[in-house]
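**Q** Chain by chain, the residues run as shown.
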Amino acid sequence: MSKPGRLLAIIIPFLIAATLFIWGGLKLSRYPAAIAATTSSTSNGAEASLTMQTVPALGSGPHPDWVSYLIQRPDGQWVHTTMLQVPAHALVHVTILQYDTGSDLRNPLMNQPQGTVGGTITVNGQTVDALTPKNDAPGIGHTFTIPALGVSVPLEGVPDTAKNPCSAAPCTTNYSHNTIQFEFRTGAAGLYHWQCFVPCGTAFLYGNGGPMQTLGFMGGFLKVVA
Amino acid sequence: MAEHSVSDGRSGAAAATPTSVQDVPVHAVVDEQAFYARAQANASWAASRMFVAIGATVYGALVFSYFYLRSLDSNGLWHQPSQHPPILLSVVMLGLGVTSSLLFVWATRRLRAGRRGVLDWGVASAITTGVLALTVGLSIWQLSRLPFAPGDSGYASVFVGTEVVTIGMLLIELYQIETVLARSIRLRGVLSPGGDAADSSEVMAFRLAVDAASLFAGFMAIVLVGVFVLFYWVS
Amino acid sequence: MALDITSSPAGDGGTLATGGVPAARRTRNDWLRPNVLWGLVGAVIGYAIGHWAGNAIAHNWQQVQGSDQNNVSLVLGYLVGSVGFLAGLGIVNYPLAKLVGRQPPAPEEAQPGLGKFFRYTLDHKVVGAQYLVAMILYFMVGGLFALLFRTELLSPTSHVITPDAYIELVGMHGTMMMMMMTSAIIGPFGNYLVPLMIGSKRVAFPRLEALSLWLTPAAFVVLLSGLLIGGFPTGWTGYAPLAVQATQGMDSYLVSFGLMALSLLFGAVNMAATIISHRAPGMTFGRLPIFVWAMLSTASIMVLAVPVLFAGLYLMLMDRTWQTAFFTWQHGGSPYLWENLFWFFGHPEVYLLALPSFGILAELLPVFARKPAFGYRTVVAGLIGVGVLSFFVWQHHLFMSGMNPDMRPVVMLTTELISVPTGIVYLGAIGTLWRAKIRITVPMLFCLGLLFNFLLGGITGVFISDVPADTTLHGSFFVLAHFHYTIMGGYMFGFFAGVYYWFPRFTGLQLSEKIGTWHFWTMIVFFNSTFLPLFAVGLLGQPRRVFEYQHRLQGLNDWATISAYLLGVSLLIFLWNIVWTTAIKNRPSSMNPWHSLGLEWTIPYPTPLENFDRVPVVLSSPYDYGVPDRPPVAVVPEPVGVGCGPALSDPVREEDQHG
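Chains as they are written, first to last, in the numbering used here: chain V, 44 to 269; chain R, 43 to 277; chain X, 6 to 664.
Quick caveat, the hints were computed from the structure, so don't treat them as lab data. Since the model is a prediction, treat every value here as computed from it, not as a measurement. Incorrect hints may have been included.
Claimed, not checked - A short, non-exhaustive set of chain V residues, derived as facing chain X with CB atoms under 10 Å: (1) 74; (2) 107; (3) 117; (4) 120; (5) 121; (6) 204; (7) 205; (8) 206; (9) 207; (10) 208; (11) 233; (12) 234; (13) 249; (14) 255; (15) 257; (16) 264.
Stated by the list, open to error - Not the full set, but computed from the structure, chain V residues with beta-carbon under 7 Å of chain X: (17) 90; (18) 106; (19) 248.
As the list claims (entries may be wrong) - Covered, in the sense of this in silico footprint (three residues per stretch, anywhere, with C-beta under 8 Å from a C-beta of chain R), are these stretches of chain X: (20) 275-288; (21) 324-336.
Virtual Cβ for every residue (Gly too), placed ideally from N, Cα, C.
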């Protein structure tokens, strides 16, 4: 083979490999965009509002049967993501519409809200400091937990016998659901991991696989910006 | 080709290991055909035993799993009393598998000893092939009708895992015996009494293949008994 | 494949050339002959068939419907796709022909040019060269993964990749390096050189050897495909129950590791059988090159350790597909079962990597020290001792996994014990260098680098084999730095020593000493610069496989990351050396450029198809450097009636005799 031929035989595969590597690297390094909370400024400082929902099945995509969180954009559109953006040192008002059913907790302490303002949450308009056995009847569906901020909120499940259960996202308030509201304060800017702590990956061993392991379903990041 | 070989250091008293040019006799040139024929026979002997060692190690891992899970008895679920594969079918499969394997081993020994001809061996091999195929079929049928699910207990898991491996191993045994049988049919003119045995490389290759198949068949006979004892007796 | 032990050309009957390679068949157009492109076509068709079959079998299983993933179809797709790949290469023709009693077809005649390197071939030299290119490719890809996740570690809190992607990359890197690279020395150098070193015209089972090679690209593609389906979260160790819970990328890990296990087994059987049975007359075990001893020891470990890995992978696949419960505590299984099965292979695996590089070290040092190998028999005993003891130490990986505390001292002692034979091999190398007239060449530099790196890796290994130290450092970057010093610092430095040393044997070309020197010095500096800080990072508490860390560790992490980039540049220098040598400069090498006594250097380049004109008779050790009246290494007996022929080319003897 001539010298140019030899060089081409080396350069072409090298370029292909380099292209593949750069493409792969860019693809991997594309961090999902975060949905910014609706922010306002009051005399108490910055405030932000977030609205989310949990659905028993996404209904589309490669994993239509996986349980998932969705986030509402300021324009009211529901988006399948778990990347949230809130201001630093702000009071965050969170509303979660829980459309999924519940089950018994493996760790009963998870029924207590932690790290919220006042240590309480509001379930369907009623303020509680724990999901008591009475309220616990349908069980806990999920938690919204940000370990680094010490925040953990149990989300009461919809009864299995609910008349109008939602089967696929996005769910509207016409379907049976529980509304959970709470507030927490953010700290310094940074990226904070949040995760559901109720093993809800049905059909996976111990419920900890699938949506519990995959970013965008039962876990995500809270991007706190200055 | 010359008729003499230089000692390769492995043939005992034939000659000392050469250490100088003078130690290599003038007439001593290597008969390459004989050298590589012997090398191939040695290689085949060694490799067939290595493959048996590999198979034994795979079963060793399964036996380890059996006793490990049995000793742990995780969640009290090593073995539920109701979880028994059908004993009658298992005894039949054991009998078929062991008998056919030993039949092949026995026929090979007779062939090697020159007591009977290739035809005799071929009939035994054909029977072995058929019976082994039947055993494999029964094993698959049994797996599809077990009275317990694979994940019901540690015992159930090890049983299913071992059965699938055994089916794979029986298929390997079946392949080996079938291929040597097919080869014997192709070589019937050479191998039969009075045949042209001058083509020694064919005959040698056939013998090596038969020996390897026989070794593996003997190994599988032991394995089948061991598996039966483990799952029906010890448990 | 079945027990393909009669696959030797010599055993294949009348169509074969005497004692050698099968007689060639008529040739066809290059594109129509089985080659790697047809292999890819076969892989695609096979994958489609397997995937369809898996869907037909399991689409209505409750677990499949609930989890939105059909592991059965994916696994069957991978397996049938791999068989399709082999079929496209023409590898399954032989077992199929045997099945119907037909004369096994011989491969078609090798054509000159590069085409033969993209085909299934029974020539061990081509297989060795194919292995070399494949291993360099796998190594580079694994290295690129490392650079990607080191980039993520530039900052403790600002991220360029997600945590999922981070652990995927860590797992890919680890698996690529520990799994695919197990064959990095035994594959290219073992397959190419062992027959030459023992004076054989061929290997015992060329089809097994070729199969072992062609399973590696299948494993490589299956592993990489895992990235497209979410990767696997377990790292290279695949621990349960995480591996049972994981999404489908885990299947790619299990299948590819299984394919590699088969590759290792087939390669090992061929290697051991060749060494045992195909040695030339006079090539006694007492004269066997130490590299060949290392190959034999490595192959023996493989035969006994890899089946246990294979069994473990199979059990895990059963858990993920057939819903058995081997590793599920709730159903009578145990995740610790995986740890035992995995590490029974996993620790000997470390020696599967170490022994070949020891072999290269011991093989090369006498050449460049110009004196006999120090303590030949003791070093060989050390190699065997390491192999034997490697089976008694695996439980030290379970120190922190709830094992009975009373058992820990026992395992600690066996682990420390293995440093004795390892130390013997090391001291043998030092003894060879003692008072020697050392020639500093690039291969020698890499040998010296290996000695330096392995010293650090070995000493820290003894340190963390102590239970108290391991209890503190388990799962930290300290352990990571330790095994990178032994594996990259030892194994890969040995690999590069081998590449520089035997490149003329493979290609007839001499790699540039100048560029090679640059490669060595950049590599040794930036290797140490990358991994030395990680000992400190580990001591300060940074855990492995976590994409965030404490702010105070950023300086050390940044240092390590930048050094890793420069280490990557060093490897680019190596690639440039190959390009420069093969495509631009094309500098031919002399027949025996290092003036070695090794039998492999007595043959001209290009190496004849059957290596030697006639089977040589070996007369002396390959390490008798400086021995004044030693006989030639080997002679080639003449055809009958002519008598004993000339010694094989032995310039070193003349050098020794004339001062």
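**Q** Run every hint past the structure and note whether it holds.
**A** Tested hints:
1. 74: holds (6 Å)
2. 107: Holds - the Cβ of residue 107 of chain V comes within 10 Å of chain X, reaching about 6 Å at its closest.
3. 117: With a minimum Cβ separation of about 24 Å from chain X (threshold 10 Å), the hint on residue 117 of chain V is violated.
4. 120: violated (23 Å)
5. 121: With a closest approach of 20 Å, the residue 121 of chain V hint is violated.
6. 204: violated (21 Å)
7. 205: violated (20 Å)
8. 206: With Cβ-Cβ at 24 Å, over 10 Å, it is violated.
9. 207: Status violated, d = 23 Å.
10. 208: Constraint on residue 208 of chain V not satisfied, violated at 17 Å.
11. 233: holds (5 Å)
12. 234: holds (6 Å)
13. 249: holds (7 Å)
14. 255: With Cβ-Cβ at 8 Å, under 10 Å, it holds.
15. 257: holds (7 Å)
16. 264: holds (8 Å)
17. 90: violated (24 Å)
18. 106: Cβ of residue 106 of chain V sits 4 Å from chain X, so the hint holds.
19. 248: Residue 248 of chain V check passes; min Cβ-Cβ to chain X is 5 Å, inside 7 Å.
20. 275-288: holds (count 12)
21. 324-336: holds (count 10)
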